[in-house]
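J.: Listed below are the residues making up each chain.
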Amino acid sequence: MLIKTKSVAIAVTIGTLMLCYFQAHGALAAEPASGANAQKTDTATLKRVTGIGGVFIRAKDPGKLRAWYKTHLGIDVQVWGGTAFRWVDSAATPANGTTAWAVSNGSDFAPSTASFMIDYRVADLHGLLKALRDEGCEVLDKVEESEFGKFGWVMDPEGNKVELWQPPEGR
Amino acid sequence: MNRVTGIGGIFFKAKDAKALQAWYKRHLGIDVQDWGGTAFLWADADGKPAGGSTIWSIFSAAGDTFAPSAAPFMVNYRVADLSALLTALREEGCNVLDKFDDSEFGKFGWVIDPEGNKVELWEPPAGQ
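If you read the protein sequences in the order shown, they are chains A and B. Under our numbering, the residues of the first sequence are numbered 1 to 171, in order. Under our numbering, the residues of the second sequence are numbered 1 to 128, in order.
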């Protein structure tokens, strides 16, 4: 991954925090603080999007469209307007993560006027938002933190709102 | 009948697909391949690949992949038995497209939802 010089300082900070975390949890043996190892950690911790957390569709008539997907595609649409598809392994046993799907009037896609919004899973939301701001991206001020995880948003260059989601531990 | 079992992919159009792919690669760290997207492998609790994947890709606005839909996006849904589902959808009066693909990537069929979105239905190869 290409790392811009101006984001290196932040990457080092995150890298240090992550290294402390792993060492505290015994996942990494203590490493000498050589330049090579520090660089390796920075690159690893700058992993940004790790998967698709959700797909959201804007509808003119959300109730009717949800009913169609429920009837014809068998999607177990919940009262909140969507469902969470559990990831499965090759034996169809539920794995860890989920990809959410929902149909809505799209009011929460604003300021985007697109008819869809994608939610991306990220490992470290605050670290990523800082990096995106440093890189000049249009990061929205709003951040949400709840039992569902941490959420932030950035606009892509074509005006699509990009949802960034750090799931709760173990999800 | 078991119909949709998961999200197989999300595709969207861009006015400048190359530039938008580059933005997602640089800022969001997405490993965009030559074909314009990537496959996110589903992971287990340890972060190891579990079996399935969700495809993500940016298409050129000039292309006709989403036709007859005019929407800027298309969702791919994983299904267990594509032939049976297409038969059922036709019987239920849904707008199922005639086209059908069967290759080493699996079986693909398409239906148009009531708001004009093209819905891609995908039966992955066994074990994927």
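Keep in mind that a hint or two might mislead.
Calculated Cβ distances over 10 Å to all of chain A for the following chain B residues [unchecked claim]: (1) S60; (2) L97; (3) E104; (4) D113.
The list that follows gives simulated cross-link-like pairs (lysine-lysine, BS3-like), each with its CA atoms no further than 25 Å apart [claimed, not checked]: (5) A:K150 - B:K25; (6) B:K25 - A:K142; (7) A:K60 - B:K25; (8) B:K48 - A:K47; (9) B:K107 - A:K130; (10) A:K60 - A:K47; (11) B:K107 - A:K47; (12) A:K150 - B:K48; (13) B:K13 - B:K25; (14) A:K47 - A:K64; (15) A:K60 - B:K18; (16) B:K13 - B:K107; (17) B:K107 - A:K70.
Hints are computed from structural coordinates only; laboratory data are not their basis. Note that the coordinates shown come from a computational prediction; the quantities given were computed from them, not determined experimentally. C-beta atoms are modelled at their ideal positions from N, C-alpha and C, and glycine is treated no differently.
J.: Compare the structure with each hint and give your call.
T.: Results of checking the hints against the structure:
no. : hint            : result
1   : S60             : 12 Å, holds
2   : L97             : 14 Å, holds
3   : E104            : 17 Å, holds
4   : D113            : 6 Å, violated
5   : A:K150 - B:K25  : 22 Å, holds
6   : B:K25 - A:K142  : 24 Å, holds
7   : A:K60 - B:K25   : 32 Å, violated
8   : B:K48 - A:K47   : 15 Å, holds
9   : B:K107 - A:K130 : 42 Å, violated
10  : A:K60 - A:K47   : 37 Å, violated
11  : B:K107 - A:K47  : 33 Å, violated
12  : A:K150 - B:K48  : 23 Å, holds
13  : B:K13 - B:K25   : 16 Å, holds
14  : A:K47 - A:K64   : 39 Å, violated
15  : A:K60 - B:K18   : 31 Å, violated
16  : B:K13 - B:K107  : 23 Å, holds
17  : B:K107 - A:K70  : 22 Å, holds
This entry does not satisfy hints 4, 7, 9, 10, 11, 14, 15, going by the numbered hints stated previously.
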